[in-house]
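A.B. asks: Combine both chains into one complex, guided by the hints.
Chains W and V, in that order, give the protein sequences. Counting with the numbering used here, you get residues 1 to 461 for the letters of the first sequence. Counting with the numbering used here, you get residues 462 to 510 for the letters of the second sequence.
Take the hints with a grain of salt, since some may be wrong.
[Said to hold, decoys possible] Computed list of lysine-lysine pairs in BS3-like fashion (alpha-carbon distance at most 27 Å, straight line):
| # | chain 1 | residue 1 | chain 2 | residue 2 |
| --- | --- | --- | --- | --- |
| 1 | V | Lys472 | W | Lys6 |
| 2 | W | Lys136 | W | Lys184 |
| 3 | V | Lys503 | W | Lys451 |
| 4 | V | Lys463 | W | Lys42 |
[As the list claims (entries may be wrong)] Label-pair ranges, simulated between beta-carbon atoms:
| # | chain 1 | residue 1 | chain 2 | residue 2 | range |
| --- | --- | --- | --- | --- | --- |
| 5 | V | His479 | W | Asp82 | 12 to 22 Å |
| 6 | V | Ser469 | W | Thr426 | 32 to 42 Å |
| 7 | W | Glu237 | V | Lys463 | 55 to 65 Å |
[To be verified] Looking from chain W toward chain V, a few residues come up when the C-beta cut is under 8 Å (computed):
| # | residue |
| --- | --- |
| 8 | Tyr35 |
| 9 | Glu36 |
| 10 | Tyr115 |
| 11 | Arg345 |
Derived by calculation from the structure, the hints in this document are not laboratory data. Computed from a predicted structure; not experimentally measured. Glycine included, every Cβ here is placed at the ideal spot set by N, Cα and C.
The residues making up each chain are set out below.
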Amino acid sequence: MIHQYKLNGYNIILDTYSGSVHVVDELAYDIIGLYEHASSDKIVTTMKEKYRTNPEITEVEIRETLTDIQELINQGQLFTEDEYKDLSIDLRNRKTYVKALCFNVAHTCNLSCEYCFASQGKYNGDRAIMSFDVGKRAIDFLLENSGHHRNLDIDFFGGEPLMAWNVVKQIVSYARSKEQEYHKKFRFTFTTNGMLLNEEVTEFLNEEMDNVVLSLDGRKEVHDRLRRTVNGKGSYEHIVPKFQQFIKNRGEKEYYVRGTYTHDNVDFTNDIFHIADLGFDKLSMEPVICDPKEPYALTEADLPEIYNQYEILAKEMIARNERGGKFTFYHYMLDLSEGPCIQKRISGCGSGTEYLAVTPWGELFPCHQFVGDEQFSMGNIWDGITKPEIQAQFKGSNCYTKAECQNCWAKLYCSGGCPANSLHATGSINGTFEFSCDIFRKRVECSMMVKVAETIQAMEV
Amino acid sequence: MKRIITLSTRKLVDTVKHGGCGACQTSCQSACKTSCGVANQKCENNMNR
Chain W
1 MIHQYKLNGY NIILDTYSGS VHVVDELAYD IIGLYEHASS DKIVTTMKEK
51 YRTNPEITEV EIRETLTDIQ ELINQGQLFT EDEYKDLSID LRNRKTYVKA
101 LCFNVAHTCN LSCEYCFASQ GKYNGDRAIM SFDVGKRAID FLLENSGHHR
151 NLDIDFFGGE PLMAWNVVKQ IVSYARSKEQ EYHKKFRFTF TTNGMLLNEE
201 VTEFLNEEMD NVVLSLDGRK EVHDRLRRTV NGKGSYEHIV PKFQQFIKNR
251 GEKEYYVRGT YTHDNVDFTN DIFHIADLGF DKLSMEPVIC DPKEPYALTE
301 ADLPEIYNQY EILAKEMIAR NERGGKFTFY HYMLDLSEGP CIQKRISGCG
351 SGTEYLAVTP WGELFPCHQF VGDEQFSMGN IWDGITKPEI QAQFKGSNCY
401 TKAECQNCWA KLYCSGGCPA NSLHATGSIN GTFEFSCDIF RKRVECSMMV
451 KVAETIQAME V
Chain V
462 MKRIITLSTR KLVDTVKHGG CGACQTSCQS ACKTSCGVAN QKCENNMNR
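Okay, chain V solo, but in the shape it has when bound (with noise of 0.2 Å):
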């Protein structure tokens, strides 16, 4: 496309089959402690990726 460059990411929808095994690390156990954040945890979970 001449006017829009699309980066590459991981279509949500795709995820909802699945998504949600909790092998990922729990958010707050990373470096916040006083926020939430979830969109930097890395999905550990082979069938998502």
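Next up, chain W with everything else stripped away, as it sits in the complex (with noise of 0.2 Å):
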């Protein structure tokens, strides 16, 4: 399977199971677009008719071409057959280590954001924060149950778990304690509204979190609107300051700040290159997942903006490399040369099995988007998975297993899809939310450009 597009000049060839990526001028293009199509002959005869007037376009040079592509074919770099259905069956049955934990440590919140997933820190449940006892067993729940995997990651979430963060400063010591008596290495990730931040935080952070994640929706006008103090005071004075400090004292270390935009502010690339202007260089903008009838929803109409936004995204990253101001933004770091195997391509992001959220009182869930949701709620760090049934659940659910992917080309970048996603849109891990897919396929297309002009740009060099 082959995915060809045109995009800022530049004409792309993607070939599905090889990974392969070309770029292409105008007559390669076109023959390409024939070849599974037509025999040699007629695509000679329908390139001779249609560059008629290019004296360049002879029929030598559309036999040269072809046979190049041939080359490609030969080499398994175009056109490849898919060599993997087997493996996602064995993956399905694969015995399954947990190597990660979401640590809900705060069911609470010092913001009120209206379209927080997690109804405000509270998972449509009681406030509470991890106590940490809880916090303990949950680290000896991973290190007994993280079979051959020697990084172990944990995600310090809520809520807002700085509300917890006597709590995390025990819990990540605890850790540490243990990593050389079980060979593991703990990588730690902080999310933060960054309300609390201070110095001692900040210099905590800094030393111990792999990660720390920096929720941030860019302009004041559009961050206020939707992230406010439960007074209704816009949190954008309070905390840019603070994140500017921490992002100054945290060095070469790893960071997103992270927005959500929504269906207020569709134009986000405006609050992206915002957030960059603010000096911070690694961003994140997703689009916000909600109730269809929140009146911020993205709409089917938003579609082609947002389309757009992403193209002016591409763009002016390809500009910024030359012109100074470059950022990462965390959808487009596509690592061509040294990215993930097939393996991950197809099991994705883990949910369920090798990656589970754990709550204030201990219990787990297959990831942090369906705490508070008892049917998925399997069991806790006590008793271990009590409900393996909703383990084979999740194993059994990749890009191979849902029958709308079979004919997509992006699947080995999604790996099917967020499953909770998935849950809220159509009632089933296993079924497909378009609306996630389409915003999927052209991020995927504007990172690929953006590969593509660095590789030509590096080229001209």
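C.D. replies: Okay, structure coming up:
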């Protein structure tokens, strides 16, 4: 399967099953488009007719291009067959070990963001802070159930995890004390709204956290519209200087300033550029996930402008690479030469199997987005997974098990999509949230185009 | 090739043998939290490079 498209003056061919990316001229683009459906002689006739006014396109040129295409096919870089169907079955039957836990340390928040999927941190339940006893046991649970995995990922999440600050410090200290004994390496991520950032917190997070995610939606009026304190006051003025100071002290360590865009700011590139102009250079911006009845919910009618915005973003990133002010965008960080293996591309985020979320009470869910949905309560950190049938559902769901994914050229970039999004949109984790797929495919097209532009720029230098 | 430039990419089929080790970061731990994208994950398995 291939996907061919034109963007920003480039003709791009993506070969789905090899992962190869080609940039071609008009003639090669046209021939590749016909290649699977017409004979060589028919292609030559068609091309001679199409380019009859172009003296450079001779029959010899057309046949040479056909030979080059055949060479790419022989090298397994074009029109490659799907060799992974059996592998996808093996992955569904494999024994899995837990390698990542989302620690929902605080089911409470000091902001009251209208679009919060966690219902202002409460996850449709009671407010709570995780105790150290629960946190300690959750670390032990991970150590005991992590099998061969050496790198163990822990994400402090909420609600607002800084509202559980003392417990976070204790959990980190406890986890570190166990690394040597178990031959494991903990890698921590911390997601915060920044309201409680101070010098002590900054120093600790910059020392201990491998990654920090800072929530900022962009322009002041956009951010303050939905990210307000419980008293209804906007949080932009309070957090931006704190984030700037935090980043100044962070050095080269990983972080993301992560925003959410909604129907109210479909021109979200203005927010991304605003954040970049504030001095942040590792950015992420996600479409809002919410009930379609909400006034800020994205709609089908927003899609053309959303596509346009992703193109604007890609072009601006290319321009900034040349003129300065460069930043990275999470969804455009394709690693073509050292990216994920095929197993990762098929098995996806690992929710419900390798990745679980733990509540302040020690209850286990497939991921943070399922917390509070009792039908997905899988067990707890004392008894382990008590409902293996839920785990089996997640293990058995990937891009090879979803009918809608079979003919999608992007399936090895999204693994079949987010199970939580699928559940909320279709009622099943095996469903397909087409709106999300449309956005995803556009992002892959744009990110690939950025890679093509970088390659061409490098060749010109 | 005169009319085709191929970017330097990893051949996916070559990753089958040593893939699936789980050393890489769990994708939702990075920045998205509300979507699934694995293509931007960096492989941490030296055998697979």
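A.B. asks: Mind listing which of the numbered hints don't hold for this structure, in increasing order?
C.D. replies: 8, 9 and 10
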